[in-house]
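There are 2 protein chains.
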Amino acid sequence: MPRHPAVSPTVRTMPGSVFSRLAHRIAAIEGERYPLHVGDTWMEPPAGARMEDLRVDQHPGLHRYPPPTGHRPLIDAIARTRGIDPDRVLVTLGATGAWHAVGGATLAPGDEVLVLAPYWPLFPGIVRSVGGVPVDVPFFRSEAFVPGASSVSALSPEEAVAQVAPFITERTVAIYINSPSNPTGVVLSPDVLKAIAELARSNGLWIWSDEVYELYSYGPEVVPIATFAPERTFSAFSFSKAHGLAGCRVGYVVGPTLPGMRDELRKMAMHSAYSAPLPSQLAALAILDPAVGPAWVDHARTAYKQAGDRAADRLQLPRPEGGTFLFVDVRAGLRNSDDDPLHAFLVRCIDRGLVLAPGRSSGAPYTHHVRLCFTSAAPDVVDRGVGVLAELLGMG
Amino acid sequence: MPRHPAVSPTVRTMPGSVFSRLAHRIAAIEGERYPLHVGDTWMEPPAGARMEDLRVDQHPGLHRYPPPTGHRPLIDAIARTRGIDPDRVLVTLGATGAWHAVGGATLAPGDEVLVLAPYWPLFPGIVRSVGGVPVDVPFFRSEAFVPGASSVSALSPEEAVAQVAPFITERTVAIYINSPSNPTGVVLSPDVLKAIAELARSNGLWIWSDEVYELYSYGPEVVPIATFAPERTFSAFSFSKAHGLAGCRVGYVVGPTLPGMRDELRKMAMHSAYSAPLPSQLAALAILDPAVGPAWVDHARTAYKQAGDRAADRLQLPRPEGGTFLFVDVRAGLRNSDDDPLHAFLVRCIDRGLVLAPGRSSGAPYTHHVRLCFTSAAPDVVDRGVGVLAELLGMG
Chain S
1 MPRHPAVSPT
11 VRTMPGSVFS
21 RLAHRIAAIE
31 GERYPLHVGD
41 TWMEPPAGAR
51 MEDLRVDQHP
61 GLHRYPPPTG
71 HRPLIDAIAR
81 TRGIDPDRVL
91 VTLGATGAWH
101 AVGGATLAPG
111 DEVLVLAPYW
121 PLFPGIVRSV
131 GGVPVDVPFF
141 RSEAFVPGAS
151 SVSALSPEEA
161 VAQVAPFITE
171 RTVAIYINSP
181 SNPTGVVLSP
191 DVLKAIAELA
201 RSNGLWIWSD
211 EVYELYSYGP
221 EVVPIATFAP
231 ERTFSAFSFS
241 KAHGLAGCRV
251 GYVVGPTLPG
261 MRDELRKMAM
271 HSAYSAPLPS
281 QLAALAILDP
291 AVGPAWVDHA
301 RTAYKQAGDR
311 AADRLQLPRP
321 EGGTFLFVDV
331 RAGLRNSDDD
341 PLHAFLVRCI
351 DRGLVLAPGR
361 SSGAPYTHHV
371 RLCFTSAAPD
381 VVDRGVGVLA
391 ELLGMG
Chain V
1001 MPRHPAVSPT
1011 VRTMPGSVFS
1021 RLAHRIAAIE
1031 GERYPLHVGD
1041 TWMEPPAGAR
1051 MEDLRVDQHP
1061 GLHRYPPPTG
1071 HRPLIDAIAR
1081 TRGIDPDRVL
1091 VTLGATGAWH
1101 AVGGATLAPG
1111 DEVLVLAPYW
1121 PLFPGIVRSV
1131 GGVPVDVPFF
1141 RSEAFVPGAS
1151 SVSALSPEEA
1161 VAQVAPFITE
1171 RTVAIYINSP
1181 SNPTGVVLSP
1191 DVLKAIAELA
1201 RSNGLWIWSD
1211 EVYELYSYGP
1221 EVVPIATFAP
1231 ERTFSAFSFS
1241 KAHGLAGCRV
1251 GYVVGPTLPG
1261 MRDELRKMAM
1271 HSAYSAPLPS
1281 QLAALAILDP
1291 AVGPAWVDHA
1301 RTAYKQAGDR
1311 AADRLQLPRP
1321 EGGTFLFVDV
1331 RAGLRNSDDD
1341 PLHAFLVRCI
1351 DRGLVLAPGR
1361 SSGAPYTHHV
1371 RLCFTSAAPD
1381 VVDRGVGVLA
1391 ELLGMG
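One line per chain: the protein sequences are S and V, in this order.
The opening residue of the first sequence carries number 1 in the numbering used here; numbering runs sequentially from there.
The opening residue of the second sequence carries number 1001 in the numbering used here; numbering runs sequentially from there.
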């Protein structure tokens, strides 16, 4: 029992800011900055779905509480778009709020969630925030992150199962999977997803499917894993990167086909944030208008693909299949004489204006990797930032 | 270890919607509705602090991620307004997000929080959401809730301590106190607050002070309890009811004068919601402009006081000292022949368009009470809704 001035064992296990050691250096950057460490988009959201479009005279009460489950017209529009029962939809504070709610609804203290690595850096802390234990499962082929790699063939279904199965213990409750993947840029095939769904079913596990980049595949078909296991899959979606509303905190989770599950999700969500912001929900509703969202996404997808391809080409990496990130093995730029070679490398990047995320925040094995978001700044800024990285990796 | 399809022990202990049993009846209301069950305000936020005022051309990037601790200019403005160190301020999803973060940072599973009752209905579930145990402490004088009560004198400091002290166990970690009080309308005196602060200190407890109604006293001086115990007090504030931004989900918590505590709060906040919405933070920043917020609050305070006084007079209750609620003993309207007399009474209210919150959601002892918000609809609507209640209580 911690009492004043001690803090709780829960937050003691949670990661702090990965950038706190670097904050003063980032603040001191002179000249142009290349902030490619956060996942975001440089594009403003579609006209019609911006805060300035939400007028009190057209939306009286828009600053008042919505229901904790979400603004009913938004829930109905989501359900219509996806062809699902609206009672499975909970509107959340982006994917972060979605997984916090799912974790709260499904984990007991000490329960384990298998996290396919490398992964979205925020995710393990979300599991910790509800008392769970994230377990790193090295999954995506690390050869693909090494400059000079040709397009590395994806895992076969058998290989995928062989990677995951050994980590299942009697404390395992769920498998977290993210495709299109942050940070690898991989889009998992239907065969692999089906094999993982069957593995989950045969072990009585939940599937937590993070599909926030579902609209950003640059070729491969994106198939929802829920297709293969609708009874056990929670699927998270977001308007953050998909539609330029990251700072507005709005997304949603679609629960499994189990009666009453949305009520359990809502309990956790309403007691941690009450509801997603109503203005953001109105913006999301505008985006679901077929006349507003799809054209923006088509434009964004083209621009994102071009930025990703240019970055991959410059860094001699396979082009991303989807998403907004590259994961880069930077051993060529590390100096073994440094105490902490990756940290020293990140500092050298910052000294040239480039901010990247350390690979370790995507999984313990990634001690010589960085994550780069190729959409968090305008394309010309990204190009110049990638150029800095290429030079530091000896690519002239 | 719950696995598919079981849910977690955490959400099993959390309350569901108080209104789920009544939802179909509320939906079926014909004629005018008096939705006095939620705490909200009928007023739109100040001009200049509405979503329509947040233009991309003036705030480029306003839809993008802010830092998880909050938008730096807002933190600085809060710190300046309060005369405190900005490193003590975490911007949150209203008070709900504030207490979720504080609970996550200070409670271990099973730790107890003393909750002075009757209380804000959402609060115990927030404690549950982080694995804590809320303990009801009957505190405010229940004589004051009975129609016909004269203005009931407040508790003396000795009485206040005598009410709370017996509930302290070796599992107690914090005392939650809310003044001006939701739902009683009481503003606690500096002497009472000081006595509680000393009780907390002598037992090594944290103080969780909910001050979201700090600007809405209708007479008594509002003194922050942190004055008496700055080393152990977390104070939550909100722009929700204070400035008409409830649906925008923005508030903040000021941590104790302990180095590093804000980092612990931020961990929980960023892993449950990432950040408060940036547009809402920009609206809050506009409100802190001395030319924008104070005039609105002065206007609101006058209107709220008038609505509260009229409601209290009609119901023959002491006028509220602060806040936006009345807590009403409705025994005069209950029928012992009903299976669940309070539920049946709430249904009779709904059949006449009036929605109230059951007293039980503010504490187990309040089985014959209701909570009424006198600012959640326009004053004339509130007046008519209060009239319905008065009639059902036999006041003609």
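Mixed in with the good hints there might be a few duds.
Estimated spans, in silico, between C-beta atoms of each pair [what the hints assert, rightly or not]:
| hint | chain 1 | residue 1 | chain 2 | residue 2 | range |
| --- | --- | --- | --- | --- | --- |
| 1 | V | 1017 | S | 149 | 29 to 39 Å |
| 2 | S | 59 | V | 1302 | 24 to 34 Å |
| 3 | S | 59 | V | 1083 | 36 to 46 Å |
| 4 | V | 1201 | S | 30 | 24 to 34 Å |
| 5 | S | 33 | V | 1191 | 32 to 42 Å |
| 6 | V | 1339 | S | 201 | 41 to 51 Å |
| 7 | V | 1294 | S | 27 | 31 to 41 Å |
| 8 | S | 85 | V | 1294 | 28 to 38 Å |
| 9 | V | 1148 | S | 257 | 24 to 34 Å |
| 10 | S | 166 | V | 1170 | 36 to 46 Å |
Calculated from the structure, these hints are not laboratory results.
We put the beta carbon where it would ideally sit given N, CA and C, even for glycine.
Run the structure past the numbered hints and jot down the numbers of the failing ones, going up.
1, 4, 5, 8, 9
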